[in-house]
Structure formats: structure tokens, C-alpha cells
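S.K.: Read off the chains here:
Protein chains: 6
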Amino acid sequence: MPRVTVHRKAHFNAAHRLFNPKWTDDKNFEVFGKCSNPNYHGHNYELIVSLTGEVDAETGYVYDLGILKDLIKTEIEDAFDHKNLNLEVEEFEKLNPSVENIAVVTYDKLRKVIEKEYDLTITLYETPRNFVTYSGS
Amino acid sequence: MPRVTVHRKAHFNAAHRLFNPKWTDDKNFEVFGKCSNPNYHGHNYELIVSLTGEVDAETGYVYDLGILKDLIKTEIEDAFDHKNLNLEVEEFEKLNPSVENIAVVTYDKLRKVIEKEYDLTITLYETPRNFVTYSGS
Amino acid sequence: MPRVTVHRKAHFNAAHRLFNPKWTDDKNFEVFGKCSNPNYHGHNYELIVSLTGEVDAETGYVYDLGILKDLIKTEIEDAFDHKNLNLEVEEFEKLNPSVENIAVVTYDKLRKVIEKEYDLTITLYETPRNFVTYSGS
Amino acid sequence: MPRVTVHRKAHFNAAHRLFNPKWTDDKNFEVFGKCSNPNYHGHNYELIVSLTGEVDAETGYVYDLGILKDLIKTEIEDAFDHKNLNLEVEEFEKLNPSVENIAVVTYDKLRKVIEKEYDLTITLYETPRNFVTYSGS
Amino acid sequence: MPRVTVHRKAHFNAAHRLFNPKWTDDKNFEVFGKCSNPNYHGHNYELIVSLTGEVDAETGYVYDLGILKDLIKTEIEDAFDHKNLNLEVEEFEKLNPSVENIAVVTYDKLRKVIEKEYDLTITLYETPRNFVTYSGS
Amino acid sequence: MPRVTVHRKAHFNAAHRLFNPKWTDDKNFEVFGKCSNPNYHGHNYELIVSLTGEVDAETGYVYDLGILKDLIKTEIEDAFDHKNLNLEVEEFEKLNPSVENIAVVTYDKLRKVIEKEYDLTITLYETPRNFVTYSGS
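Just so you know, the sequences run in chain order A, B, C, D, E and F.
Per my numbering, the first sequence starts with residue 73, numbered consecutively.
Per my numbering, the second sequence starts with residue 73, numbered consecutively.
Per my numbering, the third sequence starts with residue 73, numbered consecutively.
Per my numbering, the fourth sequence starts with residue 73, numbered consecutively.
Per my numbering, the fifth sequence starts with residue 73, numbered consecutively.
Per my numbering, the sixth sequence starts with residue 73, numbered consecutively.
Only chain A is shown next, with the shape it has when bound in the complex:
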């Protein structure tokens, strides 16, 4: 059967600051500038989850996109949406919530619940002008 990639869009709105807890505030400000504002700022994160696998001969599906939508909700949106990423998401307690790291954490969380036969890629927009892609390792 042909191998096709299916993509599903989602979104979450969150506050964060760029912050390395091993550094002084001055050093954080020097490296991250206004993105390190201790009072936080925020973004509308737009997420694309992409799965590659064989088309099922019976359903014509690679993966049921309704199930994928629900997985994204329980694993990612419920965890990140309307949250302060630094204060309320355990993965970022000691990890700077840069868009790169948020994409890696998103990948790791979804990789655990999506069967290994599917390749997984995460695309994450922090703004319409800045975004990242991550496919594991």
C-alpha cells in the first residue's frame, strides 16, 4: 500500500518567558532580551502533527484523524492551553520553553502514544514568522 503523510492542525495559547534557571537575571536578559521579561509574555501556538504510514486498504486512512484530534487534545492542548509554560508544565520546570524545546516535548509526549509504525513530525509556529520542525533525534 502507498505510504502517505497525514497532517492535523491544532492550537494552544500560552504564556512563557525564555529563562535558563542556571543563569542570573542579567545573563538571561543579555541572551534573551525582552523574551526574558520576568512577568511573561505569550503566544498563539499553531501546531501541525504529521504521521506517515501505509494507507489502510479497508478504510483508506493512514490514521483516523478523529482519533489523532483527540490525542492532541488530551496530550498537548489539555497540558499547554491557557497555561504558563514555565510555572505550570512540569517538562519546563528546568527546561527553557523555547519554541524548539516545546516542539521536542510535544514530539516526546505524542511519540509515547502513537504506534511505532508511524513516522512522526511536529511543526510548531510560535508566531506566523517564527516556526520549527522536529522529527525525532
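Quick caveat, the hints were computed from the structure, so don't treat them as lab data.
Take the hints with a grain of salt, since some may be wrong.
As the list claims (entries may be wrong) - Under the rule of at most 27 Å between Cα atoms (straight-line distance), these lysine-lysine pairs were calculated in the DSS-like manner: (1) D/K145 x E/K145; (2) E/K106 x C/K181; (3) E/K81 x A/K81; (4) D/K94 x C/K106; (5) E/K106 x D/K81; (6) F/K141 x A/K99; (7) F/K181 x F/K94; (8) C/K141 x C/K181; (9) C/K145 x A/K145.
Claimed, not checked - Just a few of them, taken from the derived set where beta-carbon distance is under 7 Å, the chain D residues facing chain B: (10) F101; (11) S122; (12) L159; (13) V161; (14) K166; (15) N168; (16) S170; (17) E172; (18) N173; (19) N202; (20) T205; (21) Y206.
All values derive from a computational prediction rather than experimental measurement.
Yeah, the Cβ is synthetic: ideal placement off N, Cα and C, and Gly gets one too.
Based on these hints, arrange chains B, C, D, E and F on the given structure of chain A.
M.R.: Using the frame of chain A, we list chains B, C, D, E and F on its own:
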């Protein structure tokens, strides 16, 4: 001369929470739900500033959009971008930073620096799905 | 209090054909061309519902957008989404489901459940290139 | 019958420079900056033509959008697309092709061929960040 | 010469239902839900056709995009646009017109008319939130 | 550390004509049609620069996007924006400024200033409907 409306887009990224300081935390949560998270969340606000006036016969301009771009930067972006609206913007010390109120404040700030001969309209996107328009009073 | 317009986006996917039941098939094809295909075609309709009213001093809201989202779901999405507009939506039993008429029907359905103090405007995209606006009468 | 506005999108790609022939080159550069480059620059202009009128009871149309598409092609796209607006479009021989003036010329050209019973509005994007609206005088 | 990928966008509007003819109606509804509505629903499909090849030293082209536009029209748009995919497109007589399968069929149809020296990728949006990519086997 | 791709969007507006100086005007017109208009036409070019590398453990960055923004400005926008590509950009003195060639030139200019440890990909939109991707050789 013909009257034309010119529109200029801009954007700022900010943290906020919906919060009425006259209410208890419970009442705030009851009315605003997760939008009232005391740790804040945030958005990429997309702004459109619209000015209506006569086309100048010499320049073909209603308003120099380079000057408008600079006004938006000094009056709005410098005040709101990468800020916590509740904590760091004086207009929201006692005013809930709902997207409606942010649009009204944006209008009021720009109205002071744009000549009265121009009609002014503010369009403000809190997310791609929720946005508001305000033209004064 | 300032009068602000709040906009909420939604969407539904439906099949339809342009068809005047008082005309012969030949006349329908002559006027509507391939849009009158008796086997139907379809669209992703993108809807913007706009309400104008005063900002509430306590909440900073013109209208609770969560409530509006739910109203759009029960009144419009549940009625139109994944439906054949000609066959399954009673308003179009004798009314051609042109994008103009779908917007008027959408307006009429929402006008009944939204308090009269709010002005209501419907914007409906049939495709990214063809869309309509309707504000009543 | 209800009055509805129908919108049709189109586009053209053209070269231009901002230039007032009554001024010296220095004065043009002082007012228009790099937009006055004598070797020209260019844009993908995105156009929305909006007509307001009554919905026809037989067709459900305000205006046949296929006819409107053809009118936009013969009146606007054939005149402006892949052209140098300053050198090749007679309306701009003595008129600065600012986005405001291009919108007014577009309005005037379409106004002549669209029946008076329809209100006409032109929206013209010079870039995704700068655009104008014109509805006649 | 450098190898570059050129992308061309197109679109078609069609009705379909998800349906496996080997299953009962109940089984189809159980698997596909409202997407299996026997009266059909529909979509604005947005298509991106991507060809990778060497840049021609004389023309600066990988592939003449005007020719590609015409190929997409004759092979895909004329076959799918304003059609009922289940009833009127022979490839889907026994094949479920899921977005995955439509992309595979689109690939197969274009692969026959595009020279083998070009790599071919199909991206197909069923909605702005659900889309697929296919590059052959 | 994980390897992530970071993407940054930018844009420039320029005039050009498709033109092979080794050919007669007739031959140029035969091959390039209206795109070869000797008076030029123009586009809003939308650029995406993509860098792939390891996430830095201290900063959470693959590459400082503020620095990338500045590099795109000095290397690409300052060179191409509001310019006539054929007349004013030395790389196109003898090279046809097709969107393919502009992407290759953009890649070559950025490749010189971005460290070799990063993979580089250029995506360049000539219009919303025509775009190219180039990753070197």
C-alpha cells in the same frame, strides 16, 4: 478628492489574564474560566489600524504609511509587545484586558496622535478565530 | 460604554447544487452551469458571525464568545455540517442554496436567538475567492 | 428581497514607482524614499471587488460571480497584470500609482460597467500589510 | 545545475462520502461517522503539485509553470471539480475517496504525464486543518 | 541533543522581467510570454529561511532568530527589496531572475554567512500560487 481608507497591519505578543479586581478569585473563575488563570496565558495579537481621509493630490497618499507604521510602534508595540498586560500596562491596572478593552485602549492612544480629519478604526485579533472592531464611541 | 463589534469564526463542510425547482434541468444548467450538477458538489464554508454592542463594564465583554461559539454550533453547524443542503436542510427545500441564501438563512436562524440589542452581521465564504456579507434586510 | 454584498477576489502582478512628475527627482526621493526608485519595483496586488444589491428571487444571486470574474479580467487584469503601471497604463501617465490611486482607478473602471443599482467597493492589497478600501467619493 | 523544487497551487470543489462498498451501511457509519452521510457532503480541496528537477540553464526554469498549470487543469480539475467523486470519477468507483486516496490518485494521474526525470509530490488539503502529502510508494 | 529545523519568514518587493540576454526579444517573448515585458512587472516575494541543527543545551536555541533576522536583512532584503532585479542586482546581470534562480542566489548568499554545521533550505514564494524550495546542489 476621493475619500479612501488605508489599512496598516502590525502585531504584538503579550501575556494577560481576564480578571475583574472587584471580584473574588472564585467569581473570576466562574465568569472567565481558564482565561482567568492567575499564572497568565498569552496571545499573538494581530492589529489592523485603518484611517479614512481624502487622497492628497500631490502625493496620492491618504496618510504616509511609513509614518503610521512608526506611530503604531511608538504608541502600541512599545507599550504592549512582550509585556504582561495586567501587570505592566497602566491602562489595565483597573481595566480587564479583554480583547474588546485592548481595542478601545489602542483606539484611544492612537486617536490622540492622529489628526481629527481622519476617521480611525481598530481591528484586533486575539486569535485567528476571535477578533473585534472599534471605531470610537 | 463604547460600542464594539466582536467576531467569531466557525466552519462547516456541506454538499449542494444550485437549483431552482421551478425550472427544467436544461434551464438550471443554462443559468448555473456546472454548479447545477445533479450529483452535487461541495464546499468548506467558513463563517464569521459579528455582533455589535456595548462593552459590559464588569466583564469587558460585548458578548461571551464561548456562548456565541455554542450558539453557532447548535444553530448552524449541527444543522449544516456534513449535510446535503438541498436534501437535508428544510430551509432549502424550496430555496436555492446559493451562498447569498445560505448567509440569509444563517442570519435568520441566529437573529432569533441573539438579543435584539446586538447588531448582527454574517460573513460567509463559499471558497477563498467567493464570499458574501449580510446584515439583515 | 434581502440586500447582500457579494465579494470576488482577483489578483495582478505589476511594476511601479511612486512618482509625481511635477517634482524633481530629489523631491520625489525625499517624499517617497525607496518607493521612488527610478528602475521600479513591484507587487502582487490582491483585489476584492464587492457589490451590494438585492438577492434575485429566481437565481438566489445578487450578481452572477462568473460574469463579475470576467468583468474583472477584461477591465482590470488585462489592463494591469504584468504591466509597468507608470509606463503602460494611461490612467497613471500623470497620476501617481499609489495604492490609493490604483484603487480609485479600479473603482472608476468597474463603476462604468456595473449597473448603478449595485453599490461598489474596492479593496486592494499592495502587500499583506498595506491595503486600502474605496467605495466612491 | 542546481536541483530545485517548484510548487504550483490549484483547487477543486467536490462532493464525496467516505464509503467502503464491501461493508454494510451500519458498518460504514460506525467507522466513518457523519463523513459517511449517504447524501454526501463536500469540500474545497486545495492542491499543491511539487516537481523537483534541475534548473535549465537557458530558461532558468525547472518546469514551465504555465504548462504545469494546464496539466493540472486537464488531468485533475476537469476530472474532479464540481463533481461527485463517488458517483462520477471512475477511480473511486470501488475506492473510498478519503483524502489519502484522492492524493494517491492525483499522483498517479500526474505521474503518467510528467517526465520521469522529475520527482513528484502531491499535497492535498481537504480542509485547512486536515491535509496529506504523497510522493509515490 | 535533538536536531530541529528553525524557520524565519521575511519578504521583499521587487521588479523583474524574465529575460535571456543571449536570445532575441522575439525568442524571449515566445518562451516567457508576458513575463518578459521589457517594461518589467513585479512581485511581493515571501521568503522562508530554514536552518537545521542541534538545540543548544544552554539557550534552547538552534540559532538565534534575532541574528538570523538581521542576516536576512543585510544579505537579502537590503540587496533585493524595492529593486529592479535585472538592472540593479549584480547576480542577475547575466542570469535570468526566475524564481528558481532567485532562490539559488539567496541560498548562495546566505550559505556564505551561516556556519557549515547548519543545513540550509530556502523557500521562496513569487506569488501565493507559485513557489520554490532549494537546499543546495
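S.K.: Run the structure past the numbered hints and jot down the numbers of the failing ones, going up.
M.R.: 4, 5, 10, 11, 12, 13 and 14
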